[in-house]
Structures are given as structure tokens and as C-alpha cells.
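Trainee: For this one, chain A is given, so just place chain B on it according to the hints.
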Amino acid sequence: MSIYLDLTRAFNHGRTRAVLAGGQAVVLHRLAIMSKDGDWILREESETMEHVLSLLGTYGAHYRFGAPLDVRWLAGGWSSHLEFPWQQMRVRTDFVTRPPRLDEEALRRVWRNAADQEVPFLGAIELADMKKTNREKDYVVIGELARRMADLDSQILYSRSARDLIALAEQHPDRVARLAGRRPALEAVEHGREALEAALDAERRQLIRANEERLARYLDAAKPWAAVWPELSRQMEGLRLSEAHQLMVRRADELLPFAVPGGWP
Amino acid sequence: MNELRDEFLSEEDLDLRSLTDEELEAVWTAWLYQAQATNEEDRYTYSHGVFVREPVEEADPQDSAR
Chain A
1 MSIYLDLTRA FNHGRTRAVL AGGQAVVLHR LAIMSKDGDW ILREESETME
51 HVLSLLGTYG AHYRFGAPLD VRWLAGGWSS HLEFPWQQMR VRTDFVTRPP
101 RLDEEALRRV WRNAADQEVP FLGAIELADM KKTNREKDYV VIGELARRMA
151 DLDSQILYSR SARDLIALAE QHPDRVARLA GRRPALEAVE HGREALEAAL
201 DAERRQLIRA NEERLARYLD AAKPWAAVWP ELSRQMEGLR LSEAHQLMVR
251 RADELLPFAV PGGWP
Chain B
1 MNELRDEFLS EEDLDLRSLT DEELEAVWTA WLYQAQATNE EDRYTYSHGV
51 FVREPVEEAD PQDSAR
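Chains as they are written, first to last, in my numbering: chain A, 1 to 265; chain B, 1 to 66.
In short, the hints are calculated from the structure, not lab data. Since the structure is predicted, the reported quantities are computational estimates derived from the model, not experimental observations. Take these hints with a grain of salt, some might be off.
The calculated lysine to aspartate or glutamate pairs, modelled on EDC-like cross-linking and capped at a C-alpha distance of 16 angstroms, are [unchecked claim]:
| # | chain 1 | residue 1 | chain 2 | residue 2 |
| --- | --- | --- | --- | --- |
| 1 | A | Lys223 | A | Asp201 |
| 2 | A | Lys223 | A | Glu254 |
| 3 | A | Lys132 | A | Asp6 |
| 4 | A | Lys223 | B | Glu54 |
| 5 | A | Lys132 | A | Glu212 |
| 6 | A | Lys137 | A | Glu203 |
| 7 | A | Lys223 | B | Glu57 |
| 8 | A | Lys132 | A | Asp151 |
| 9 | A | Lys132 | A | Asp201 |
| 10 | A | Lys132 | A | Asp70 |
| 11 | A | Lys137 | B | Asp13 |
| 12 | A | Lys137 | B | Glu54 |
Non-contacting residues of chain A with respect to chain B, defined by C-beta distances greater than 10 angstroms in every case (computed) [as the list claims (entries may be wrong)]:
| # | residue |
| --- | --- |
| 13 | Gly57 |
| 14 | His172 |
| 15 | Gln246 |
| 16 | Glu254 |
| 17 | Gly263 |
Glycine is no exception: its CB is placed at the ideal position from the N, C-alpha and C atoms.
Isolated chain A (complex conformation) (with noise of 0.2 angstroms):
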């Protein structure tokens, strides 16, 4: 059994309150396996954090750098992370309330979904916005879930292949034409392969400098919480998870603020 099911289904005992995101979220999507950490959007309620830390308590986790698993972070955009040995393995299980380049349409759309779900992950739309971040692997997984996309407008918004992108034109001039207002890359269609695969590639760079400026503005504003976080972590060593958060957050309420501007979405 997959320890990343357990867990969701798990964070999700009587009621919804976990989507697994990231790469444990494209296994179920059954593109690939890549990635070995866990990360789930929370419900942005106290009750989801309590039963979350109490879960992993019961799994011997402790916190890794970040931000404590409470909501008045997590709102702000920040995440918080925690580790647990398991079955010779080492999980690491990763939250947020409010990922990049979700917006709250978007997040009411997720948890609308997640409701029909036994074990909820993300749907391939806001996989994909997720997956917009600053590493070149990431946008394979674009790629191949637009391809999985059912409505014709996602795929012609997300696709990554300049070959697709060229047939779904022929087939539906008038909707790509018009799809570019939101994709301004879909203009260089009509100039053919070459320039659109030029457009695709300065596309992807552009979302790969959006993500690293959005990661130093988090890293700017926790530049404080960093530096005593070694001598935090020591302090930690031993304790109850209970105990470890609560200590957390007294040092997090000095030194980290809750909310960065530009942070999100």
C-alpha cells in the first residue's frame, strides 16, 4: 500500500479536508513516477491543521524549515513541511493552503472535486498550474497532462507540443485566434512550427522567472526565521509534535510574517 494513499486517506478520515498535489498526484494521473515527497492542499481551517498534526504525531514526524502548520501562515502562501521515518523510508510530507497560481475560483473548483473523491488529488487543469514552477521537468508533465485535458479550450492553453498546438489551429482556427488573448505564445501559430516552438520555449522561461521571483520574495521574508531556525530545530529535538508546533509558533509569531506581498497567488 502506498504510503501517500494511507496518509490521504488518513488527513481525509470523516471529512474532506486534503488534495494530494505534485508528483504523487501525477502517479494517479498515471503519467509517471518522479518524484519522492508528498504534498497536499489543506482546507485553510484550524480543525484540518489540528487533525493533520495530530496524524503526524502519531507517525513520529517532526518539522522540517518552514512555516508552522497553522492557518494565519499558510493564508499568507507560505508552506510548511514535516519528515517521518517509515518503513525504511523517509517521508516527507509538504502543505499548503494556497498554492501558486491558484486562485480562489480555481481552489473552490478543487474542493468541489475533491468531494467526489474516496482519495482526492488534483485534476489535470490545476496540476498543471502548479506545475509551473522553476524547474525544466515540470513542464514535460504540462505537456502530457494537456494531452489528458477533455475541454478543447485547456488543451489549446496548456499545451506544450507546437505539432498539437498546429493541428488543434487547423481544426479550430477561430477558437485559438481568439484563445490568445490568454496565451499571448498562440499568436506564432500562424508563423508556423519553427516560431512557435520559439514562442513555447520563451513562454516556459518566462513562467520559470515568474516562479523564482515569487520563491525569493518568500525567501526575503523569511531571511529572519532562517537564521535562528538551527538553534529552533535543536530546541525541538525530542519533543512532542504537539509540543515542537506550539514551541513553533511562539518563535514563528517574532520572526515570520504571516502574509508577503506578491506572494500569492
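Mentor: Just chain B now, with coordinates in the frame of chain A:
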């Protein structure tokens, strides 16, 4: 002649579609165990969220000299 298409993932990756749920879980778990081999090299790095690297204290030069 088969038409070429832009390829993103290998045939091996995409073959996950042909697996039963049980086979997928077995392959997935086996992959996760195999991936533990890189735990030491990614000990301080992150694959999700807004943090990039765990801050660690500079090693005491006297410790490394011992």
C-alpha cells in the same frame, strides 16, 4: 509511415496506464524505496512549497580538522 509527435515522457512512464490499481501501487512503492538512495544528497533541499534549502549551522572548522 507513422507521423512523428512531440514526446514529453518515455513509453515506460506512460505504460502506467496499462497497470491495474494493485500493480500501480506495487510499482509506485518499489520506486519510492529505490529513490531513498538519494536521501543524503537532498537532505536539505525541498521539492515543494516556498522554501528552497534548510538552513544549517556552519560547521566548526575545528570539528572538521579533528
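Trainee: Look at each hint and say if it fits the structure.
Mentor: Hints, one by one, checked against the model:
Taken as a hint, the Lys223/A and Asp201/A pair is broken in the structure, with Cα atoms around 33 angstroms apart against an allowance of 16 angstroms. Note on Lys223/A and Glu254/A: the hinted pairing holds, with a Cα-Cα distance of about 13 angstroms set against a maximum of 16 angstroms. Between Lys132/A and Asp6/A the alpha-carbon distance is near 27 angstroms, which puts this suggested pair outside the 16 angstroms criterion. Taken as a hint, the Lys223/A and Glu54/B pair is honoured in the structure, with Cα atoms around 12 angstroms apart against an allowance of 16 angstroms.
Straight-line distance between C-alpha atoms of Lys132/A and Glu212/A comes to about 11 angstroms, which keeps the hinted pair within the 16 angstroms bound. The straight-line distance between the Cα atoms of Lys137/A and Glu203/A is roughly 15 angstroms, inside the 16 angstroms bound, and the hint therefore holds. With a C-alpha separation of about 14 angstroms, the suggested pair Lys223/A and Glu57/B falls inside the 16 angstroms cut-off, and the hint holds. Among the hinted pairs, Lys132/A with Asp151/A is inconsistent with the structure: their alpha-carbon atoms are about 19 angstroms apart, more than 16 angstroms.
Proximity of Lys132/A to Asp201/A is assessed by CA-CA distance (about 13 angstroms); at most 16 angstroms being required, the pair is judged to hold. Between Lys132/A and Asp70/A, the direct Cα distance comes to roughly 26 angstroms. Violation of the 16 angstroms bound is thereby established for this hinted pair. Our distance criterion of 16 angstroms between C-alpha atoms is met by Lys137/A and Asp13/B, whose separation comes to about 13 angstroms. The hinted pair formed by Lys137/A and Glu54/B fails the criterion: a straight-line CA distance of about 22 angstroms is larger than 16 angstroms.
With a closest Cβ-Cβ approach of about 20 angstroms to chain B, Gly57/A is found to remain outside the 10 angstroms limit, as its non-interface label requires. Listed as outside the interface, His172/A is consistent with that label: its C-beta sits roughly 18 angstroms from the nearest C-beta of chain B, beyond the 10 angstroms cut-off. No beta-carbon of chain B comes within 10 angstroms of the beta-carbon of Gln246/A; the shortest separation is about 21 angstroms. Look at Glu254/A: its CB is around 17 angstroms from the nearest CB on chain B, clear of 10 angstroms, so calling it non-interface holds up.
Some Cβ of chain B comes within 10 angstroms of the Cβ of Gly263/A; the nearest lies about 8 angstroms off, and the non-interface call is violated.
The structure does not agree with the numbered hints 1, 3, 8, 10, 12, 17 stated previously, though it agrees with the rest.
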